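Student: Spelled out from the first residue to the last, the chains are:
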Amino acid sequence: MKITLKEIALKIDGEVIGDETLEIYGVSSFYDAQPSDITFASDAKFLKVLDQTRAGAVIVPENFISDDRVSENGVLSEYNVSGSASKSCACKVALIKAKNPKRKFFRILSLFHPPKQPIKIIDKRSVIGKSFINGDDISIGSHVTIENNVTIGNRVQIMHGVYIGDGVTIGDDTIIKPNVTILEHTKIGSRVIIHSGTVIGSDGFGFTQDTVEGNNEKIPHAGFVQIDDDVEIGACNTIDRGTFGRTWIQKGVKIDNLVHIAHNVRIGEHSLIVAQVGIAGSSVIGKRVIIAGKAGVSGHLTVGDGAIVGPGAGVLSDVKPGDIVSGIPGMPHKLWLKVASILPKLPEIRKKIIALERSLALQNLSKNSKI
Amino acid sequence: MKITLKEIALKIDGEVIGDETLEIYGVSSFYDAQPSDITFASDAKFLKVLDQTRAGAVIVPENFISDDRVSENGVLSEYNVSGSASKSCACKVALIKAKNPKRKFFRILSLFHPPKQPIKIIDKRSVIGKSFINGDDISIGSHVTIENNVTIGNRVQIMHGVYIGDGVTIGDDTIIKPNVTILEHTKIGSRVIIHSGTVIGSDGFGFTQDTVEGNNEKIPHAGFVQIDDDVEIGACNTIDRGTFGRTWIQKGVKIDNLVHIAHNVRIGEHSLIVAQVGIAGSSVIGKRVIIAGKAGVSGHLTVGDGAIVGPGAGVLSDVKPGDIVSGIPGMPHKLWLKVASILPKLPEIRKKIIALERSLALQNLSKNSKI
Amino acid sequence: MKITLKEIALKIDGEVIGDETLEIYGVSSFYDAQPSDITFASDAKFLKVLDQTRAGAVIVPENFISDDRVSENGVLSEYNVSGSASKSCACKVALIKAKNPKRKFFRILSLFHPPKQPIKIIDKRSVIGKSFINGDDISIGSHVTIENNVTIGNRVQIMHGVYIGDGVTIGDDTIIKPNVTILEHTKIGSRVIIHSGTVIGSDGFGFTQDTVEGNNEKIPHAGFVQIDDDVEIGACNTIDRGTFGRTWIQKGVKIDNLVHIAHNVRIGEHSLIVAQVGIAGSSVIGKRVIIAGKAGVSGHLTVGDGAIVGPGAGVLSDVKPGDIVSGIPGMPHKLWLKVASILPKLPEIRKKIIALERSLALQNLSKNSKI
Numbered sequence: 056m057k058i059t060l061k062e063i064a065l066k067i068d069g070e071v072i073g074d075e076t077l078e079i080y081g082v083s084s085f086y087d088a089q090p091s092d093i094t095f096a097s098d099a100k101f102l103k104v105l106d107q108t109r110a111g112a113v114i115v116p117e118n119f120i121s122d123d124r125v126s127e128n129g130v131l132s133e134y135n136v137s138g139s140a141s142k143s144c145a146c147k148v149a150l151i152k153a154k155n156p157k158r159k160f161f162r163i164l165s166l167f168h169p170p171k172q173p174i175k176i177i178d179k180r181s182v183i184g185k186s187f188i189n190g191d192d193i194s195i196g197s198h199v200t201i202e203n204n205v206t207i208g209n210r211v212q213i214m215h216g217v218y219i220g221d222g223v224t225i226g227d228d229t230i231i232k233p234n235v236t237i238l239e240h241t242k243i244g245s246r247v248i249i250h251s252g253t254v255i256g257s258d259g260f261g262f263t264q265d266t267v268e269g270n271n272e273k274i275p276h277a278g279f280v281q282i283d284d285d286v287e288i289g290a291c292n293t294i295d296r297g298t299f300g301r302t303w304i305q306k307g308v309k310i311d312n313l314v315h316i317a318h319n320v321r322i323g324e325h326s327l328i329v330a331q332v333g334i335a336g337s338s339v340i341g342k343r344v345i346i347a348g349k350a351g352v353s354g355h356l357t358v359g360d361g362a363i364v365g366p367g368a369g370v371l372s373d374v375k376p377g378d379i380v381s382g383i384p385g386m387p388h389k390l391w392l393k394v395a396s397i398l399p400k401l402p403e404i405r406k407k408i409i410a411l412e413r414s415l416a417l418q419n420l421s422k423n424s425k426i
Numbered sequence: 056m057k058i059t060l061k062e063i064a065l066k067i068d069g070e071v072i073g074d075e076t077l078e079i080y081g082v083s084s085f086y087d088a089q090p091s092d093i094t095f096a097s098d099a100k101f102l103k104v105l106d107q108t109r110a111g112a113v114i115v116p117e118n119f120i121s122d123d124r125v126s127e128n129g130v131l132s133e134y135n136v137s138g139s140a141s142k143s144c145a146c147k148v149a150l151i152k153a154k155n156p157k158r159k160f161f162r163i164l165s166l167f168h169p170p171k172q173p174i175k176i177i178d179k180r181s182v183i184g185k186s187f188i189n190g191d192d193i194s195i196g197s198h199v200t201i202e203n204n205v206t207i208g209n210r211v212q213i214m215h216g217v218y219i220g221d222g223v224t225i226g227d228d229t230i231i232k233p234n235v236t237i238l239e240h241t242k243i244g245s246r247v248i249i250h251s252g253t254v255i256g257s258d259g260f261g262f263t264q265d266t267v268e269g270n271n272e273k274i275p276h277a278g279f280v281q282i283d284d285d286v287e288i289g290a291c292n293t294i295d296r297g298t299f300g301r302t303w304i305q306k307g308v309k310i311d312n313l314v315h316i317a318h319n320v321r322i323g324e325h326s327l328i329v330a331q332v333g334i335a336g337s338s339v340i341g342k343r344v345i346i347a348g349k350a351g352v353s354g355h356l357t358v359g360d361g362a363i364v365g366p367g368a369g370v371l372s373d374v375k376p377g378d379i380v381s382g383i384p385g386m387p388h389k390l391w392l393k394v395a396s397i398l399p400k401l402p403e404i405r406k407k408i409i410a411l412e413r414s415l416a417l418q419n420l421s422k423n424s425k426i
Numbered sequence: 056m057k058i059t060l061k062e063i064a065l066k067i068d069g070e071v072i073g074d075e076t077l078e079i080y081g082v083s084s085f086y087d088a089q090p091s092d093i094t095f096a097s098d099a100k101f102l103k104v105l106d107q108t109r110a111g112a113v114i115v116p117e118n119f120i121s122d123d124r125v126s127e128n129g130v131l132s133e134y135n136v137s138g139s140a141s142k143s144c145a146c147k148v149a150l151i152k153a154k155n156p157k158r159k160f161f162r163i164l165s166l167f168h169p170p171k172q173p174i175k176i177i178d179k180r181s182v183i184g185k186s187f188i189n190g191d192d193i194s195i196g197s198h199v200t201i202e203n204n205v206t207i208g209n210r211v212q213i214m215h216g217v218y219i220g221d222g223v224t225i226g227d228d229t230i231i232k233p234n235v236t237i238l239e240h241t242k243i244g245s246r247v248i249i250h251s252g253t254v255i256g257s258d259g260f261g262f263t264q265d266t267v268e269g270n271n272e273k274i275p276h277a278g279f280v281q282i283d284d285d286v287e288i289g290a291c292n293t294i295d296r297g298t299f300g301r302t303w304i305q306k307g308v309k310i311d312n313l314v315h316i317a318h319n320v321r322i323g324e325h326s327l328i329v330a331q332v333g334i335a336g337s338s339v340i341g342k343r344v345i346i347a348g349k350a351g352v353s354g355h356l357t358v359g360d361g362a363i364v365g366p367g368a369g370v371l372s373d374v375k376p377g378d379i380v381s382g383i384p385g386m387p388h389k390l391w392l393k394v395a396s397i398l399p400k401l402p403e404i405r406k407k408i409i410a411l412e413r414s415l416a417l418q419n420l421s422k423n424s425k426i
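Protein chains in written order, with this note's numbering: chain A, 56 to 426; chain B, 56 to 426; chain C, 56 to 426.
Simulated from the structure, these hints should not be mistaken for laboratory data. Since the structure is predicted, the reported quantities are computational estimates derived from the model, not experimental observations. Mixed in with the good hints, there may be bad ones.
Identical chains blur together in the list; that is why a pair holds if it fits in one copy or across any two.
[What the hints assert, rightly or not] Below, in silico cross-link-like pairs of lysine-lysine (DSSO-like), each with a Cα-Cα straight-line distance of 27 Å or less:
no.	residue 1	residue 2
1	Lys242	Lys273
2	Lys103	Lys154
3	Lys400	Lys375
4	Lys393	Lys407
5	Lys242	Lys57
6	Lys61	Lys273
7	Lys393	Lys406
8	Lys66	Lys100
9	Lys57	Lys157
10	Lys306	Lys242
11	Lys273	Lys306
12	Lys342	Lys157
13	Lys273	Lys154
14	Lys400	Lys389
15	Lys407	Lys389
16	Lys57	Lys273
17	Lys57	Lys152
18	Lys100	Lys375
19	Lys375	Lys393
My request is simple: use the sequences and hints to build the entire structure.
Tutor: And the structure:
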């Protein structure tokens, strides 16, 4: 596959500075790119060193030419870009000026790597239960089991080994990757992606104690999981059903790998949950929240809209909207940065205190001896 | 499905205060319940605000009427409950008085949501090896593989995509959820539940170093995993087989999701292991221990009976029976609470020390200048 | 299965001290061994208490007889081992003297527990795509799906429920355990073992923000995962493909269970990654690095050759070759040991500071009062 710079510029509403007829065969990162590749430079770090990429073309910001940080460094003169009027330059590398170069770059990446079109059939090695309602152009891979009363929308793709329990509903254009388990009564929206190994709708971890022997008796889990439109869920996640009512992943949420979401948790729209996070039962995460990798949120807490939880943080109390919380125990991020910088100094601090004590004791001694 | 309050009271050995003929159609939580639902109130938090649920009926403690905390707040007068003798009241909400309302409530939840009865057949799309011995009324879903010399008890349910290795034995009434992997020679008891995505009997992480080049040579894992009666294992767990001998999960243990249990670990009866915990090789966890979420236990340690390990704690040494350990590094819980409250004050503490040093230096200076 | 001591000694280049005709039926650990078992003793801990194992034979170091620590304790006289010349002794337990007894022991363990020979057929319940190229003596279990353009080497074993995506290549003698998911274009070397539940080649967690509403737009992941020869990957791992280019697990790397490896990470030869570790995007781990359980490495970092990261450590900056880093935040291991020993003393330290402040205030007061 090859595309000329002119065609690429058209697709991303950009402007070519250099040879419009240059043919591009692929996309790559700044330092790995070959002369047949296109790459991007979105900030000063790369814009200052455009001569260090071997790429044939670089997507740069719309206002690249007027970037003082760059011109101060003499990069522009080297590239002899004489303004957008001329469109002639002696660049080693061609440029495409466009708004949001990184975003546009990934659009081009999609051009070169279009998602594989699934074969729109139901594999005969799959098992489909009673009262199955399905939209057009669906694809069901091999070794899939779909139980009774399942409804799936148009262009849904269900891959190898997936299990879909009783009464599950799935919206349009959703993709379920191989070896995913979706248990009974889960509700999944449109344009959702669920990656391999993930389990949706397992029982929550809830027990009551037997009054006689103090043993743990299982609480039935009568609730379900609801996943709204445009959610992406990574590999090997576990999302438990509600005890009653729902565990609810709202529109546009993106979840990384190996994340645990307990019963009756709610995650607000467009929040990002990074790998190996755990969220305990009944906690409510707001909209556009970011929870960084390996952080843990205790049960029955509220994390407000727009809050950020730092990597590995242990959140044991509510987080206000917009707050940034880090550390163990969780505390305001700026405070944690100070605490984290002091922790390695604790041995030194301890020595100082001992010295102070001695010094004070000596003073008292000398004072007393005077008397 | 509908059940009258009278019938519900009979099933949980309770007493109706209000209209015994009221028909209940479902169960829900205190604030989500609708007039057709029953809910429960087990402590003062809810008992004081019984007017805030829309539920048709609430299960309350047997001694509700004599609860001083409630009557002090005037809630009883509002409900005009004139004692169990009359059984007449002007309640907005009917009550059922019973021992342990929470536990009884979940019994009723089970009434409304009975476990789905599996179809008692062996799906023809499953593969069963030689010398298979099975009890009555078993259910084997589609796309299951059972290797040779496997024995399973009565009413065992093995769902879609499960793999059962050579020589595995499974007791009565055990349920293996979809896409579980149970490797060779695993021994599983009766009434065990294993949730989806879990792997039982993977090789432990053991290597010896090649003396010539220092490379890592795999140690064969000749042991197995033993899971005793009434154990529940969550989704996407990994429980490694013993190097030799067994990794042993004893009777009544309950394990949450994404937990790692290494080779030759033993977990004692009725212990609770919360999500994302990791237990390293050969450690022995006692009976009725609780290990909270994300905690880690190093290898070759002993955690005594009845001990509690706090969330995210890093346990690097033995824990005595009944002790409560929290924090990183693990320490007595009460001490950790103090340490955790001081950590955010470290910047302030550091300033104080600097002030003390200056103050003392000034004193010494002034003292010296006097001389 | 039984083997005489003479035969065992031949296989491990060892020397029997005792009855060469003794028949051994199994292997076990020092304290669990029965008279029909062989075990090993590699260090003083066990060599001093050889009378405490019930094993029929013990593998001991080549230089056992000259071990002063042992002879000092009179153990040798008890065993009446009169030197290698005589080969006669009154031992309760027979000995085999050999180099590296632990390593040799595991060789014998392999003799008694040879890996199960797979049935070398392609199960008819598996699905194989177009242009499949395969070596000799392969084994493909039931309910496997292999997409188009896949190439696998000689003696490759693919077990129940595995998914192999388009264009995957696998070298000789590699074993893919049940219910593993290997997504398109993954490259796997020879003698690799991938344990159950693991997902190789899931999309990385990458999004760009929509400029209008600030929503997250998925970045396509055009790269792949490359796993070199002699790698072992544990159960329920998630290894994401590169955004472009590769996520690369190099020769001889061993990874435990529930580990997350993000897009474009590189792990150098013979490194060991313990359970529940997470490595964020584009980080580069050197050769022969050890990352202990539950540790986290942030994105775009470099961990140098031979470095060690301690259990649960939070690595937020580069680690130099050979350095040992522990704690949260990550710091030099020896420093962390000191910090960790001081943390439980923080309440006491705080009291000391308050006492110092009071003491100093009193001094100033008394000094002032004198004036």
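Student: For Lys242 vs Lys57, is the C-alpha pair at or below 27 Å within one copy, between two copies, both, or neither?
Tutor: between (41 Å within a copy, 25 Å between copies)
Student: Give the relationship of Lys306 and Lys242 under a CA distance limit of 27 Å: within one copy only, between copies only, both, or neither.
Tutor: Within one copy only: 13 Å inside, 35 Å across.
Student: From the Cα coordinates, with 27 Å as the cut-off, is the pair Lys273 and Lys154 best called within, between, both, or neither?
Tutor: So Lys273 and Lys154 pass the 27 Å test across copies only (18 Å; inside, 56 Å).
Student: Reference check for the pair Lys61 and Lys273, CA-CA at most 27 Å: within, between, both, or neither?
Tutor: between (64 Å within a copy, 25 Å between copies)
Student: When no copy is specified for Lys393 and Lys406, does a C-alpha distance of 27 Å or less occur within a copy, between copies, both, or neither?
Tutor: both (20 Å within a copy, 12 Å between copies)
Student: From the Cα coordinates, with 27 Å as the cut-off, is the pair Lys57 and Lys273 best called within, between, both, or neither?
Tutor: For Lys57 and Lys273, the Cα distance is within 27 Å only across copies (23 Å; inside one copy 60 Å).
Student: How would you classify Lys103 and Lys154 at a CA-CA limit of 27 Å: within, between, both, or neither?
Tutor: within (18 Å within a copy, 59 Å between copies)
Student: Can you tell me if Lys273 and Lys306 fall within 27 Å by alpha carbon in one copy, between copies, both or neither?
Tutor: between (32 Å within a copy, 14 Å between copies)
Student: Evaluate Lys400 and Lys389 at a C-alpha cut-off of 27 Å and name the case that applies: within, between, both or neither.
Tutor: Intra 18 Å, inter 13 Å, cutoff 27 Å: intra and inter.
Student: From the Cα coordinates, with 27 Å as the cut-off, is the pair Lys375 and Lys393 best called within, between, both, or neither?
Tutor: Result: close both inside a copy and across copies, 21 Å intra and 24 Å inter.
Student: Is it within, between, both or neither when you check Lys407 against Lys389 at 27 Å Cα-Cα?
Tutor: both (25 Å within a copy, 19 Å between copies)
Student: Under a CA distance limit of 27 Å, which applies to Lys100 and Lys375: within one copy, between copies, both, or neither?
Tutor: Classified as between; 24 Å across copies, 34 Å inside a copy.
Hint compliance for this structure: no hint is broken.
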